[in-house]
Amino acid sequence: MTAQRLPHGGTDLDRTRQLRFSFDGRAYQGYAGDTLASALLANNVKITGRSFKYHRPRGLMAAGTEEPNALMRVGTGARIDVNVRATEIELYDGLVARAVNCWPNARFDVGAVSGLLSRFIPAGFYYKTMMWPSWHMFEGFIRRAAGLGRPSAEPDPDRYESHHVHCDVLVVGAGPAGLTAAAAAARGGARVILCEQDARIGGSILTENCTIDDQPGSKWIHDTVEELRSHPEVVIKTRTTAVGYFDHDSIALVERCGGELLSARTPRHRLWQVRARRVVFATGAIERPIVFPGNDRPGVMLASAVRHYLMRFAVSIGQRVVIFTNNDSAYSTALALLHVGAHIVAIIDSRQNPPPPVLAMVRDRAELLLGAVVIDTMGSPVLRRVRVRDRGGHIHELAADLLAVSGGFNPDIHLFSQSGGSLRWSERYSFFEPGVHAQQTTAVGSCGGILDLSTALNRAHATGERDAASTGFPAALTPAPRVGSVSREPFHIEPLWQVDAPGKAFVDFQNDVTLDDIELAVRENFVSVEHVKRYTTCGMAPDQGKTSNVNALALIGELTGRTPSQVGTTRYRFPYAPIPMGVLGGRARGELYSPRRRLPCHAWHESHGAVFEEYSGWLRPALYLRSSESAVTAREREVLAVRESVGLFDASPLGKIIVRGPDAALFLDRIYANRMSTLAVGRLRYGIMLNELGVLIDDGVTARLAADEFSVGTSSAGATRIADWLEEWRQCEWPDLRVIIAPVSNAVSVFTLSGPNARMVLAKCEPDFPIEPGDFPHMTYREGRLASIPARVMRVSFTGEVSFEVNVSSAHAAELWSHLIKVGTDYGLQPVGIDAWMVLRTEKGYLHVGADTDGTTSPNDVGWDPVHKRNDDFVGRRSLLRPDNLRADRLQFVGFEPIENAPLPIGSHVRGHTTAQPSDGYISSAAFSPTLRRWVALGMLRAGRARLGEVVSLLTPHGIIAARVSTPCSYDPQGTRINA
Amino acid sequence: MLLIDCPWCGPRSEIEFRCGGQALLWRPQPFDQISDLEWGNYLYMRTNPRGAHLERWIHNFGCGQWFNVERHTVTHEIKAVRRLSQRPCPSMPTDRP
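So the sequences go chain by chain: A and B. All residue numbers in the first sequence are consecutive under the working numbering, ending with 980. All residue numbers in the second sequence are consecutive under the working numbering, ending with 97.
Hints in this document: simulated from the structure, not taken from any laboratory. Treat the hints with care, since some could be wrong.
Calculated lysine to aspartate or glutamate pairs in the DMTMM-like style (CA-CA distance at most 25 Å, straight line) [what the hints assert, rightly or not]: (1) A:K237 with A:E154; (2) B:K79 with A:E728; (3) B:K79 with A:D249; (4) A:K869 with B:D32; (5) A:K869 with A:D884; (6) A:K822 with A:D516; (7) A:K869 with B:D36; (8) A:K764 with A:E815; (9) B:K79 with B:E55; (10) A:K764 with A:D826; (11) A:K869 with A:D854; (12) A:K764 with A:E644; (13) B:K79 with B:E16; (14) A:K219 with A:E494; (15) A:K822 with A:D884; (16) B:K79 with A:E733; (17) B:K79 with B:D5; (18) B:K79 with A:D247.
Chain A with its partners taken away, still in its complex shape:
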């Protein structure tokens, strides 16, 4: 194969701008407007990669997104794109590309030796060979040997955007049919989006000579685009690929904004999430190869691609050209090549009698071998000779440096299939075309199976007008474009699915699947196209079988005596073409992926040594580190501050939900496993909530604010979930109850003063309400002002010490926090983080729902028996009486004391008595208690409450440790301190 740039021509080129680029470490030059593929060809680069499995040398085969061989790794450093088709990479100055699937480069690849072993890697090889002893033993080796590019290990420095758009008519593909449909719809005033994956608009007209409306095709394109741009509601997007068709006419487009245009202000790619009322597929057709031995040798190309490179990029490929076809279209390529002076050695047409007008096109200018087939190719590494069998069975060897192949066309029905449409086999053209549509779609042009340009434009025009009218924009009644001379003759094809000759004949070039593999699969009784696909991996490569699927299923049909329509197709899947992962993430990266919530007093915490950790979305101080202090020391210091004097804990994430209305008490009685209607105004009650399975889902302290108003307290993690839960029950189950639910968690901040001196600090805030124990007992609340700031103070404790939960508007939170810290100085008040808070509650034996409980824990398991206290219904009640909830050997909440003062790690299991039941429970919370100078632990133990005092064996990472089962509470079990 010898390719060269012609001195003139090339509609895409800007010859005034030369660009430098490198491929596999060698420097080359191209022009602005080139793709990497055309520039490589212009530099006569023949080998552009190695094949996936056998590492065979491969060259460019196609010119569009269907290119299976020339997969590139483009870029340097952190900016690297992998597995990009060279045909879709627009050249820019300084571009650095490498071939994938090879090392050290595509010309010389060490992995190619495995080609010698290729006959030992048939279809299903992995399934058959890697069974024993374990796939995982082989996986690492295979993953390395198997190809595809290595991405950068650095974080992606680029920005990706995503947005939602709505339109009346989305036209996918800006070839002649797409342009016509878009223009017809736009004239009615509809909102139209026209997207084109190529950098240029025009589709097939760019590589064909035709006149439309008495003008050359290129002029018609220009005028039509100008007209479209004049409509304010029309959006035209080039470099934009429709990659997915989802439910209810939602379509994902990926726009390539980057390349050399990339600046700090442009995103690299943009995801368009389009909701369209009507969708027009004008995606064209893709030429398919013919399955014959040696069909993957560099120098074998699709005939339409040869024409594409010639007309758009002025690259003439091949000096001695053989053309192999079963249809008319390759003759246009022959003409185009003759026009630039290439020598057509022969046209091998597998048809006995091609239509005479087609033959007339090349008469006397090229040798014609009718009824002949190519049975092999030779040349290493690139094509030198083609072996042909003529209709008499004689073998000819022809010297050639290019074999241009056409096996017919496949309408690009990828998206149509994704949308749920069913396909129909066309006997006339031997391809699958759109059959029954499932969504609001129409396929036009060759995508719709219409190959005649004049008919295609008439239909496209009618479609555009109809779609606009059906979305409320009546047509402007303009005539459809008139097609004058066209090089496309009425298309004739005789299917040729394979050439009967020995040798490796490739069906799927990208996944290295050969005819032999498909025969083997069928021989092993894989008959369904779905099974053959998965067994052979045919069509499962990143190209999604664009050049291989139809050939494969036709071959399955031939081998099993069925027609292609009987074999059927697999449903095509998102994405149409590989897309960078970044575009799916868009801006949702890092902190924006899941924004962290910051407390109103975050700044204070930060400037006072807080070590933050994330708890259900909130950044909360785990502890406050003083200089030269370890985390353990800090935690113990904070614990002792609460036990000995006073601590201040930021509990703001606690859930607060106002439930109000005449039926509020009744509603909460049904929601809570314990009664709330009997709670007096001004008092607090601890409550537990179950789901319908009888499982404990949350707990918290609820205040009765008025006869018809409660403030429901939830755990911090449950704040949103429980508000949703209440709302669902109110709306769906008890719509008759007069009650409203208002989550106010973020509006109200909570600071907990806890410790023997808590009341002293509170007094220093000059409350305008009495706070002495007799006036303000445990489990009551008072409302008033603290330091002139309105607040509700609740006497409730999670530490075992006297505690005041100060509820204050988040707007005043920072002010009150600072005030508390200031007036607390006299008592040695210290801010306390979550770590110390958890130690305090573990000492006291207080349950932490979600830490100590799981999706099986019933209230009885943690010492509550609501069933026998109430005779009315509540959520989960009936489940508590199911046999499983009445078992005596359920896991129950207990404490553990170490016999010797050894650590009791969380997650340690209690050794069971039998091998059938190796675990008798586990430790769910544990800490070293600086107060008691020993470890304290809580956990679940089988029939635990009946085993108090028993010594059990704990399986810990440090060995087996003996512990005594106790009640959960290790600190002040009489509760004298809490009531002080």
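Chain A is fixed; fit chain B onto it per the hints.
For chain B alone, kept in the frame of chain A given last:
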């Protein structure tokens, strides 16, 4: 992505909604006369039709209202949306058994 016609807000994208599973699950009552089998059916047994499916959705990033949807499980076509106060679909009763 489904386009769901919220009976309060109009058509909105699926990302604004959450599906709450099968609709019209009547809570068996009274609790003290329900067998384990009946209760177990209410907790665990769900229809799994190929075709029309009645399910309840919430417009949780919108009006926050629950409503009933009749969706085809194969084509995802939404045949009807109904407020909870409306008859959920022509073939279903509004009154609870």
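Hint-by-hint comparison with the structure:
1. About 31 Å separates the Cα atoms of K237 of chain A and E154 of chain A, which puts this hinted pair outside 25 Å; it is violated.
2. For the hint linking K79 of chain B to E728 of chain A, the alpha-carbon distance of about 23 Å falls within 25 Å, and the restraint holds.
3. Note on K79 of chain B and D249 of chain A: the hinted pairing holds, with a Cα-Cα distance of about 16 Å set against a maximum of 25 Å.
4. Restraint check for K869 of chain A and D32 of chain B: the C-alpha separation of about 15 Å stays at or below 25 Å, so the hint holds.
5. The hinted pair formed by K869 of chain A and D884 of chain A meets the criterion: a straight-line CA distance of about 20 Å does not exceed 25 Å.
6. Between K822 of chain A and D516 of chain A the CA atoms are separated by roughly 83 Å; this puts the pair beyond 25 Å, and the hint is violated.
7. Under the criterion of a C-alpha separation no larger than 25 Å, the hint pairing K869 of chain A with D36 of chain B is consistent with the structure, at around 21 Å.
8. In summary, the hint linking K764 of chain A to E815 of chain A is supported, as the alpha carbons are separated by about 15 Å, within the 25 Å threshold.
9. Under the criterion of a C-alpha separation no larger than 25 Å, the hint pairing K79 of chain B with E55 of chain B is consistent with the structure, at around 12 Å.
10. With a CA separation close to 10 Å, the supplied pair K764 of chain A and D826 of chain A stays within the 25 Å bound.
11. Under the criterion of a C-alpha separation no larger than 25 Å, the hint pairing K869 of chain A with D854 of chain A is consistent with the structure, at around 24 Å.
12. Among the hinted pairs, K764 of chain A with E644 of chain A is consistent with the structure: their alpha-carbon atoms are about 19 Å apart, no more than 25 Å.
13. Of the supplied pair hints, the one linking K79 of chain B and E16 of chain B holds, its CA atoms being roughly 19 Å apart against a limit of 25 Å.
14. With a C-alpha separation of about 35 Å, the suggested pairing of K219 of chain A with E494 of chain A is violated against the 25 Å cut-off.
15. Proximity of K822 of chain A to D884 of chain A is assessed by CA-CA distance (about 54 Å); at most 25 Å being required, the pair is judged violated.
16. For the hint pairing K79 of chain B with E733 of chain A, the CA-to-CA distance comes to about 24 Å; that is within 25 Å, so the pair holds.
17. With a C-alpha separation of about 10 Å, the suggested pairing of K79 of chain B with D5 of chain B holds against the 25 Å cut-off.
18. Pair hint K79 of chain B plus D247 of chain A holds up; C-alpha atoms about 14 Å apart against a cutoff of 25 Å.
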